Amino acid sequence: MRSVPPRLRARQDCSIFFSLLVIFSLPLPFPVAAQQAAADSSAAAASTQNDAGNPAFRIERISLDVGAELLTVFGDLDGREPNNRASEVPLVSILRDTLGDADPENDRLRHVWMLTYTRPTLKQRLAAGVPFLYTRVGNKKKAVRGVPPAVIDLAQPDKDVWQRFLWMALQNIFVNPYGVTAKSSSRTFQRNTEDYRKVHVIRALAVLSLYEAEADVESVFSPAEMLEIQSRLILTQMTFGGIVDDAFLQKLHQNQATAQLDERGHNWELLRQRAEAEGLLFEPLQLPDGSATHALVWTTRHDVASNRQRRKWDNRFLNISKPWGDKRLDRWDGYTETRFFDAENRAVVSDTPGARAVEMIPLALYGLDNPKIPALLVDFRDGGNPKRREVSRRVLEDVARNILSLSRFGDIHYFLGRTIFDFITSRRGMDVNQPTRLRTYSQLKLLLTLSASLDPEFREEISRRLEHVSLNPLENDLAAEARLARAQHAALMDYARRPDGLARQLDRDRRAELVPLAHGRTARVLFRFGHVLSFGHYTHREKALPETGRTQIDVARRLAHHRRFLREVSKSSPIIEVVWDMSEVRRSLQFVAEHGARADGATASAAARIFARTKDEATQRLCLDTLYHINNETAKNALWRIHQDQTVPDPIRTLSAEYLRKAVREEQRISPTDTKAIISAIGQ
Amino acid sequence: MKILSTLSRQIIVLVLVLFVSAVAHAATIRRVVVIKVDGLPHDQVERFVRERDSRTGKSRLPWIEHVFYERGTRVANFYVRGMSLSGPSWSMLDTGQHLQIKGNVEFDRLTLHSYDYLNFIPFYLGNAFQNRVDMPGVGALDEVGLPLLIDAYPYDERHTSFQLYQRGARWTTLQRGLQNRFTSRSPREIFDEWTTGFDARSIITEQLERELLEKLNNPRLRYLDLYSTDFDHAAHHNRDRETHIRALQEVDATIGRVWTTIQNTPQAAETALVLVSDHGTNTDERVYSQGYNLVRLLGSAGGGGHHVITKRRLLNDYALKGIYPLIPLITTTTSESFYLKGQSTDYPTALIDFDGNERSSIHLRATDLNVLHILLQQLKRKDLAPDLRRAATKNFFATIERCRASWQIRLAEMNEELGALRRLIEKQRAVVAAQPKKWTKEDRDAGRDQDSRRLFAHLDSWISDEREYAEHLRTLAHLLALTPDDFDPARLRIEDVIPKRSMGDANSIHDLQNYLVGLAPGGLVTSVDGSLDTNQSFARVNYFQLLGDVSVRNNVQPGVSNRPIDFVAARISPESVRVYEDLRGVEAIIWLSGGRGAQALILARQDERGKLQLRYLPVSELSQSADGQIEVARAAWRAGLPLKIFEDPRLEIPNGESRPAWLDEWHTDLDWLRATHRTTYSNAIIGLHEQLARHQSEALDFNQAGLSNDERLLRRFRWRQRMLVEADLLIVANNHWNFDVRGFNPGGNHGSFFRVSTHSTLMFAGGGETGIPRGLEIEEPYDSLSFVPTILALTGQLGEGGNSVPALWRQGFRTFPGRIIKEVMSQQTEPAAPVAAKTENGLVMK
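Note that the protein sequences, when read in sequence, are chains R and E. The first sequence begins at 1 in the working numbering and counts up one residue at a time. The second sequence begins at 1 in the working numbering and counts up one residue at a time.
These aren't lab readings, by the way, just hints derived from the structure by calculation. Computed from a predicted model, the values in this text were never measured in an experiment. Among the hints, a few may not be true.
[To be verified] Cβ-Cβ distance ranges computed for the label pairs, FRET-style:
| hint | chain 1 | residue 1 | chain 2 | residue 2 | range |
| --- | --- | --- | --- | --- | --- |
| 1 | E | R188 | R | D645 | 40 to 50 Å |
| 2 | E | F182 | R | F421 | 29 to 39 Å |
| 3 | R | W313 | E | R210 | 45 to 55 Å |
| 4 | R | A518 | E | R188 | 18 to 28 Å |
| 5 | E | R55 | R | D645 | 26 to 36 Å |
| 6 | E | R185 | R | K543 | 40 to 50 Å |
[Unchecked claim] Derived list of chain R stretches under chain E, where covered just means 3 residues or more per stretch with a C-beta under 8 Å from a C-beta of chain E:
| hint | stretch |
| --- | --- |
| 7 | 248-255 |
| 8 | 586-598 |
Using N, Cα and C, we set each Cβ at its ideal position, and we do this for glycine too.
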């Protein structure tokens with residue numbers, strides 16, 4: 001019998017506890033899902049506003065009495081019956097906290113629900129922890145209970161980062177010492193959980209892009225809101241994404257969009273050229289906004305017969321076996337389609353003069369939104385082909401990390417070998433050891449949901465085959481997802497209507513929002529620790545929200561809005577008035593001047609930069625006023641520098657001197673050096 | 001009295017001097033800042049300037065609007081003259097002279113020496129090892145005696161950016177760029193940037209701009225430029241509006257920063273800011289640009305089974321070798337070669353330059369060399385029947401005899417030229433040896449160290465030329481030395497008489513219509529008279545027909561044809577078609593073969609005043625016989641001819657004239673430009689002539705009087721070198737097609753003669769004393785040749801008749817063929833004072 005030292009046993013017990021905690025609480029990443037606290041009094045009176053005439057998407061806007069809106073994007077299930085409610089699926093819901101007014105400046109976006117994203121069943125969870133089980137294990141069948149999990153809380157994007165690090169630490173401290181099984185189980189579980197969320201984040205992004213692209217419908221989201229939602233969703237996929245400054249959102253969004261369209265275009269062209277070179281037919285598949293995210297490659301019955309003896313075949317980038325002489329195609333009884341082509345090989349309708357009929361056999365379906373090469377998603381002759389390619393990288397990683405305990409940072413030989421292997425497979429565009437197909441897999445599911453261009457029978461077949469590609473036991477199939485989305489939406493609506501539901505949740509969120517206004521940095525760091533260490537179960541909030549609290553939140557949000565705007569303005573152009581509407585700039589400066597005592601150094605720097613970059617005297621004066629009212633050292637230093645600048649006109653310098661004098665008298669925050677200099681130069 | 005007279009004369013001189021100074025002060029541009037943006041399409045700029053941003057209420061491109069639309073002059077119809085391709089186009093914009101560089105990559109037919117005008121990396125490596133000073137394009141232009149606009153300014157009075165035609169390298173830019181990347185941002189910003197993706201590409205562009213802004217404060221500098229390829233890069237990759245706007249907004253922001261900095265300098269009033277681009281871009285939000293692989297076509301049996309050489313690696317991003325930055329000649333070996341299997345490295349038979357993408361230039365090995373090569377291979381066989389051997393031998397020598405005269409001349413002339421080159425090399429060695437080994441700071445500031453290294457770079461290049469040509473001539477001499485009497489093919493090594501890695505002479509139209517690609521499936525066959533039946537013995541390809549018939553199976557985009565090739569253009573020697581009445585006096589003929597029988601000739605001649613005149617002639621069934629005679633039938637005007645001028649609704653001909661009547665006439669290039677510039681193919685007639693005709697600069701005129709023998713030989717040698725890079729065929733892509741096989745450019749392309757690709761950007765703005773009109777849009781069309789003379793005229797460096805001021809004339813600047821854009825100077829009350837000719841005290845030297 002092996003004796004275990006008490007300290008080690010305690011550690012093991014502790015580890016088991018945390019491991020279980022990890023496994024069963026990870027799919028509940030956001031506290032909104034767990035917070036089913038006692039009822040609050042406010043009822044959620046729902047008013048629905050529909051946008052008629054939108055063929056692919058419809059927005060449902062539910063106004064809540066507590067001063068918020070629940071916005072849900074509905075998509076048409078089969079794309080064939082516009083505005084047929086029976087075929088609609090609720091896809092994404094977003095909570096917008098409006099503080100009960102119509103002014104967008106104090107709105108704050110909160111939770112985003114991808115309604116197909118659900119809490120897994122016990123069976124799915126257990127399977128998700130089984131190493132090397134790269135397959136689905138069935139669907140969630142039971143009705144949804146409770147509030148659906150959100151994919152992100154836009155008001156607290158940084159929470160993700162800290163939690164990720166906490167889990168990493170827990171894994172290494174408490175789970176890894178228990179050996180290969182515990183380690184690989186927990187890691188597999190984490191990986192599946194992350195991938196499951198990622199899939200739905202990607203789909204949420206795609207849905208929002210499609211909704212935004214609906215040219216004839218005015219979006220219910222402002223451009224800034226859409227930017228925030230999309231960028232923050234993108235950032236969930238980056239390790240430190242949650243703590244990226246708002247100022248980077250625009251650039252990130254643009255870079256991502258450009259890179260994605262670049263990849264898509266390259267893959268479109270690569271696949272077209274390869275299909276052309278091998279005598280195949282290429283057909284791009286389009287989402288409702290017209291963007292081709294996937295493509296089919298076909299052959300024809302005639303080509304199969306006439307090329308039987310043809311020896312030449314280049315598999316590169318197509319990654320399917322040679323169709324010529326393939327017996328499966330010789331006796332193909334799977335899906336076929338007859339299409340008509342004119343003399344210039346353009347697809348036409350059957351009664352076009354001179355059209356020739358061609359019986360087409362699908363060979364493969366590819367995703368185009370994939371790094372470097374088109375991602376094979378369906379091989380109509382070999383269902384296991386795409387899956388083997390998808391699994392290759394995962395197996396390599398799982399074996400190396402979980403079985404052999406190799407790490408790039410801990411083993412130089414592994415590091416070198418892996419780097420070379422990764423470089424070669426990536427550079428050559430070999431479809432093994434490639435980045436996961438998650439994105440394009442997720443998009444295809446959406447395309448199958450929304451596209452009307454595919455024959456229903458064919459769509460069904462693709463859908464069936466697609467499910468084989470999924471490695472994740474937490475995934476549900478398309479039909480189940482549609483059902484779950486409806487059920488989750490109903491649950492969310494119920495939650496929104498319940499007095500102890502969304503209203504109470506919102507109240508708690510707002511009270512948490514008051515914390516930075518009531519506490520200093522040290523206290524806030526301690527609260528954050530408490531929150532992270534309790535796995536999100538403890539969140540510090542201020543007590544009941546009085547009317548002053550609501551006003552404080554209102555001002556704080558508006559201040560944040562104007563801060564963002566002024567920062568953007570200040571960095572955008574060497575002469576502000578060339579690029580911006582100065583009345584808007586002045587309005588923002590005015591607001592900060594009136595309410596900006598708590599504004600930060602970045603706002604002060606922005607005001608100082610705007611001062612330097614405008615020739616509009618009224619704006620310059622407002623900048624000085626703003627700098628005077630912002631009670632921090634940066635603002636006063638900027639004011640002092642303006643005063644010292646001999647190129648600044650005398651009346652402005654005089655005004656800055658007055659403000660400095662007042663600031664000194666009022667004992668505002670000024671650095672000791674600046675205080676001395678100001679007093680000696682200007683006097684008190 | 002005499003004293004009074006002297007005094008009054010002095011007073012008059014003083015008044016005159018003061019008057020001249022005052023006039024100069026009234027309309028003078030002392031400093032020019034040029035922002036060069038690669039591939040900036042005028043129409044996109046116009047569209048986005050006009051569009052309002054709903055957030056700001058201002059233009060989407062507020063600075064371009066502010067600077068050039070409100071405070072400057074823009075040329076609404078500015079076109080590339082020639083192909084819409086960076087290498088050639090910038091060469092014309094930078095020199096103001098007719099085209100000498102005709103591709104981003106050029107190949108010497110005889111030696112396969114490649115001129116890669118775009119690749120920066122070999123230049124920087126060469127510069128680091130001190131054997132290269134300038135970008136290859138500058139070296140090529142130096143050889144043909146064409147100075148650049150920047151040469152109009154002394155080294156210490158100019159600040160230039162990294163660009164295609166770059167003199168010297170500035171290593172500090174790289175170093176400071178990296179430093180500034182980290183020091184110009186807060187740690188938080190660096191962290192966020194790292195998290196969201198570090199943009200390494202912008203390190204250099206940011207630094208180049210930073211340096212320009214710094215240098216604007218240096219009053220000594222009179223010429224500054226900044227070159228950006230970011231928009232071109234973005235438009236090649238992405239077709240979407242947002243990507244384009246974003247790239248344009250970066251250009252716009254740069255213009256804002258440069259303009260603001262200029263305004264804060266004491267020279268603001270006398271500074272002109274110019275925005276210029278080399279071509280437009282054929283991009284459409286709804287269409288992916290589709291690639292067609294000409295390398296694969298030529299490698300296929302139907303395409304001739306060629307081993308193909310390119311200067312760009314095919315599918316570069318998917319090749320491990322693609323990371324090698326020096327890019328040697330890339331050989332694509334075909335398994336379908338008729339007679340050169342396994343010999344691709346020694347005997348490639350096609351050279352393709354597909355850079356520019358909407359066009360491609362192709363050299364094919366001289367068909368006569370193919371005949372000789374195949375016959376030698378056959379004659380070396382031991383099992384060849386005696387009658388076939390006799391017939392093949394006879395044909396082998398008949399082929400040599402047919403070519404002997406021209407080969408003999410080439411051999412003799414080139415040996416003479418290489419002799420002169422060797423003598424030049426020896427002289428240059430002495431000059432290089434005499435150069436100082438160390439340089440003071442003053443020397444470096446004046447660019448004297450670079451001048452010295454430039455001497456060595458020229459020497460190095462000449463030595464390499466001499467070695468490569470001498471090797472080729474040795475083999476040619478062996479071939480010509482063969483005689484039937486002592487001919488023993490078994491003992492003969494093919495490589496001793498058929499030069500390796502050489503294309504030989506250019507092919508004629510007849511050669512290209514009957515191009516010999518290998519043995520026929522039945523092998524050699526004799527005729528009844530015992531001679532070799534060349535029709536039966538050899539497999540041939542008609543390249544005009546082959547290329548005209550190319551179509552694809554996948555035709556999935558509305559508005560994109562299934563025919564990737566629009567037309568093929570080739571130069572025809574006027575002598576071969578003199579019999580045709582219409583062609584008398586014609587100096588250059590370009591044949592356009594559009595497939596499906598659509599053909600045309602572009603004819604060029606000079607009128608009595610020496611002005612270029614062009615004519616477009618619809619023809620059909622053009623063919624050339626073996627003796628060089630061209631048969632061609634005149635065709636009627638109809639829709640569907642190459643360039644589709646006849647049916648284009650935007651063709652603007654003078655009132656009262658019918659289209660066929662006007663189109664049947666000779667017109668000057670200016671008349672053609674005015675009539676056609678708004679059509680789908682804009683100035684294609686002029687552009688094709690510019691591209692395919694030969695333009696002799698003074699430094700290439702070997703018949704000029706007063707030259708020493710060596711000077712004459714060296715000029716002839718340079719002229720020959722320019723002819724040796726001329727391709728057999730120029731293939732122009734159909735709309736939304738391209739030939740880029742290095743990678744993919746689905747966003748958009750250029751290179752063709754479509755207006756969307758040739759319509760470029762040129763705008764001027766300046767301080768109060770520059771005389772550049774405000775808010776003026778010039779409708780009159782201009783082309784690339786106008787850029788340099790206009791800049792020189794604005795800065796007072798151009799005298800009467802478009803001639804350079806003496807100081808520039810001495811540097812090699814000559815009369816500019818392009819028109820000055822006079823509208824830009826419409827508010828200059830007097831001609832601008834010649835800044836370049838001023839002395840330090842500001843007085844004008846007459």
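Structure-based check of all given hints:
Restraint check, R188 of chain E to D645 of chain R: a C-beta distance of roughly 27 Å breaks the suggested window 40 to 50 Å. Our hint of 29 to 39 Å for F182 of chain E and F421 of chain R holds, since their Cβ atoms are close to 32 Å apart. Range check, W313 of chain R to R210 of chain E: Cβ separation about 53 Å, and the 45 to 55 Å hint holds. Take A518 of chain R and R188 of chain E: their Cβ atoms lie about 25 Å apart, and the range 18 to 28 Å holds.
For the pair R55 of chain E and D645 of chain R, the supplied restraint of 26 to 36 Å holds, since their beta-carbon distance comes to about 31 Å. Distance hint for R185 of chain E and K543 of chain R: a CB-CB separation of about 41 Å, consistent with the stated range 40 to 50 Å. Given as covered by chain E, the stretch 248-255 of chain R passes the check, having 5 residues with a CB less than 8 Å from a CB of that chain where 3 are the minimum. Beta-carbon proximity to chain E at under 8 Å applies to 0 residues in the stretch 586-598 of chain R; the threshold of 3 is not reached and the given coverage is violated.
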